[in-house]
Amino acid sequence: MTDRIPPSPTPDPSTQRFWDAAREGKLLIGRNSKTGKTHYPPRPICPFDDEGEVEMVEASGRGTIYSFSIMRAKVPYAIAYVELEEGPRMMTNIIGADFAAIRIGQPVTLKFQPTEGDGYPVPMFTPA
Amino acid sequence: MSIRGKACIVGAYEHPTRKAEDKSVAQLHAEVALGALRDAGLTRADVDGYFCAGDAPGMGPLSMADYLGLNRLTHYDSTDVGGCSYLVHVAHAAEAIAMGKCKVALITLAGRPRSEGVATGTAPRPGDPRQPDVQFEYPFGPAIANMYAMCAQRHMYEYGTTSEQLAWIKVAASHHAQHNEHAMLRKVVTVEDVVNSPLVADPLHRLDCCVISDGGGALVVTSPEIARTLKRPLVSIRGAGEAIKHVDGGRIDLSYTGARYAGARAFEMAGVKPADMKYASIYDSFTITVLMQLEDLGFCEKGQGGKFVSDGNLISGVGRLPFNTDGGGLCNNHPANRGGITKVIEAVRQLRGEAHPAVQVKNCDLALAHGTGGSLGTRHGSATLVLERL
Numbered sequence: 011m012t013d014r015i016p017p018s019p020t021p022d023p024s025t026q027r028f029w030d031a032a033r034e035g036k037l038l039i040g041r042n043s044k045t046g047k048t049h050y051p052p053r054p055i056c057p058f059d060d061e062g063e064v065e066m067v068e069a070s071g072r073g074t075i076y077s078f079s080i081m082r083a084k085v086p087y088a089i090a091y092v093e094l095e096e097g098p099r100m101m102t103n104i105i106g107a108d109f110a111a112i113r114i115g116q117p118v119t120l121k122f123q124p125t126e127g128d129g130y131p132v133p134m135f136t137p138a
Numbered sequence: 039m040s041i042r043g044k045a046c047i048v049g050a051y052e053h054p055t056r057k058a059e060d061k062s063v064a065q066l067h068a069e070v071a072l073g074a075l076r077d078a079g080l081t082r083a084d085v086d087g088y089f090c091a092g093d094a095p096g097m098g099p100l101s102m103a104d105y106l107g108l109n110r111l112t113h114y115d116s117t118d119v120g121g122c123s124y125l126v127h128v129a130h131a132a133e134a135i136a137m138g139k140c141k142v143a144l145i146t147l148a149g150r151p152r153s154e155g156v157a158t159g160t161a162p163r164p165g166d167p168r169q170p171d172v173q174f175e176y177p178f179g180p181a182i183a184n185m186y187a188m189c190a191q192r193h194m195y196e197y198g199t200t201s202e203q204l205a206w207i208k209v210a211a212s213h214h215a216q217h218n219e220h221a222m223l224r225k226v227v228t229v230e231d232v233v234n235s236p237l238v239a240d241p242l243h244r245l246d247c248c249v250i251s252d253g254g255g256a257l258v259v260t261s262p263e264i265a266r267t268l269k270r271p272l273v274s275i276r277g278a279g280e281a282i283k284h285v286d287g288g289r290i291d292l293s294y295t296g297a298r299y300a301g302a303r304a305f306e307m308a309g310v311k312p313a314d315m316k317y318a319s320i321y322d323s324f325t326i327t328v329l330m331q332l333e334d335l336g337f338c339e340k341g342q343g344g345k346f347v348s349d350g351n352l353i354s355g356v357g358r359l360p361f362n363t364d365g366g367g368l369c370n371n372h373p374a375n376r377g378g379i380t381k382v383i384e385a386v387r388q389l390r391g392e393a394h395p396a397v398q399v400k401n402c403d404l405a406l407a408h409g410t411g412g413s414l415g416t417r418h419g420s421a422t423l424v425l426e427r428l
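One line per chain: the protein sequences are A and B, in this order.
Just add 10 to the spot in the first sequence (first one is 1) and you have this note's numbering.
Just add 38 to the spot in the second sequence (first one is 1) and you have this note's numbering.
None of these hints come from the bench; they were simulated from the model.
None of these values were measured; they are calculated from a predicted model.
Glycine residues also receive a C-beta, built at the ideal position from the N, C-alpha and C atoms.
Just so you know, not all the hints are guaranteed correct.
Pairwise CB distance ranges (calculated) [as the list claims (entries may be wrong)]:
{"#": "1", "chain 1": "B", "residue 1": "Asn109", "chain 2": "A", "residue 2": "Lys84", "range": "42 to 52 angstroms"}
{"#": "2", "chain 1": "B", "residue 1": "Asp291", "chain 2": "A", "residue 2": "Phe109", "range": "16 to 26 angstroms"}
{"#": "3", "chain 1": "A", "residue 1": "Ala31", "chain 2": "B", "residue 2": "Lys225", "range": "51 to 61 angstroms"}
Some chain B residues judged to face chain A by a derived CB distance under 10 angstroms, without partners named [said to hold, decoys possible]:
{"#": "4", "residue": "Tyr105"}
{"#": "5", "residue": "Val172"}
{"#": "6", "residue": "Gln173"}
{"#": "7", "residue": "Ala187"}
{"#": "8", "residue": "Met194"}
{"#": "9", "residue": "Tyr195"}
{"#": "10", "residue": "Val238"}
{"#": "11", "residue": "Pro241"}
With the hints as extra help, turn the sequences into a complete structure.
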């Protein structure tokens, strides 16, 4: 029930792979090769540990709503943090949901959405 | 080395304007600079330290030093952590003074978002595409209001906080603002007024939000030795703390703020407790901002903020903790969308006994000022000052 067309993200050399994967419907997160700890948004240097290499791994796309707010804009939208099954919490939108029924803790699944001007699709979530 | 007792705030000035259609931002900086120096009994020729943040036009302090005609600067600092920058500046000025790097430090803030028609809280801002978070956040429409709203939503979920409890914060601010002739919103409001105002970003209503105003403020910080030669009451910096809290690689926890660390550092330096504070200036971009910071500063237990702020507990002369007696950002003024300097200014007024008589706290000898800059929903700076009247 969202009509809002989001602006496209602008990749940089370190995130091009992430956004190319988005075009294939894949959500990548960072994982430390030594500690196994995951992070988001993914970056070439692990934010937690000096040791280990960052591997980009595909997330399952399953998560739960950590928090959310309905923005009462001309075209209202639901902004949220979704906690991925793998651990990281990521900023996103909840789509295909009755705003009044959105709850913290609600299970959701990944659904990439197109952006303005045939830009890179962005990872949003819909009730599972 | 501690900066406890090493510097005093001797000048404090808040610009009376709330809409400055016919003034430039630089001009407002100059007007507040002179206002604070006049308040201190000093002149521009005395200034050898200058502090400003992102609201000051130009590269760091360069354009403003030029425009203000500051020719004796031996120290400067343009640390920018949004709205709390000016509390950080007070602490950094005290450090510089304690180290002998400067003697008289001037801090200025000014802006005119109201005249410029900025939809401060509701319009997502694209930001610099090189900022590493922008491409992962901006497409989803983060605006200031919905970021703080997500904190409120989470707080309600974890602790059972209610919209009515948040509303009490606005009610208290409005009780104070009625006495401030410069305040934008002087009408006393009720809990019902707040919860019945339109939703901006659930669960925050229009009246949970601060005002958008033009204006500015300035502070002058100097050594205790110089302060004693001036005619103003002595307001000493007894404790200071600063902290940054961020998204933490996807482990963001919206239930608390950086005040947890900034406050603890300031209280430790000052050797006092939250319960010792006679007055508190608490950053109030939104009602939820106040509630979370009060908890994190230790005025009440985590999760008990809703109960703490209810029933007028923040109203001067009524409750246990008089807060933002100028009406704060919620009712008075939020110049340049940055409420940090006005937090310090009202704390100084209280310590000097120069607040409006209707809201002046009796024998106010110990006060706190706390600021947040950036967004509680993503990344922010927090800064706390414990100030003492000597």
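Okay, the hints, checked on the actual structure:
1. B/Asn109 - A/Lys84: 42 to 52 angstroms: Holds, at about 51 angstroms.
2. B/Asp291 - A/Phe109: 16 to 26 angstroms: Hint holds: Cβ distance 25 angstroms, inside 16 to 26 angstroms.
3. A/Ala31 - B/Lys225: 51 to 61 angstroms: With Cβ atoms ~54 angstroms apart, the hint holds.
4. Tyr105: Given a least distance of 34 angstroms, the restraint on B/Tyr105 is violated.
5. Val172: Cβ of B/Val172 sits 8 angstroms from chain A, so the hint holds.
6. Gln173: Because about 4 angstroms separates B/Gln173 from the closest Cβ in chain A, which is inside the 10 angstroms limit, the hint holds.
7. Ala187: Holds. Min distance 4 angstroms.
8. Met194: 9 angstroms, holds
9. Tyr195: Cβ of B/Tyr195 sits 5 angstroms from chain A, so the hint holds.
10. Val238: 6 angstroms, holds
11. Pro241: Hint holds; B/Pro241 Cβ to chain A Cβ min 8 angstroms, cut 10 angstroms.
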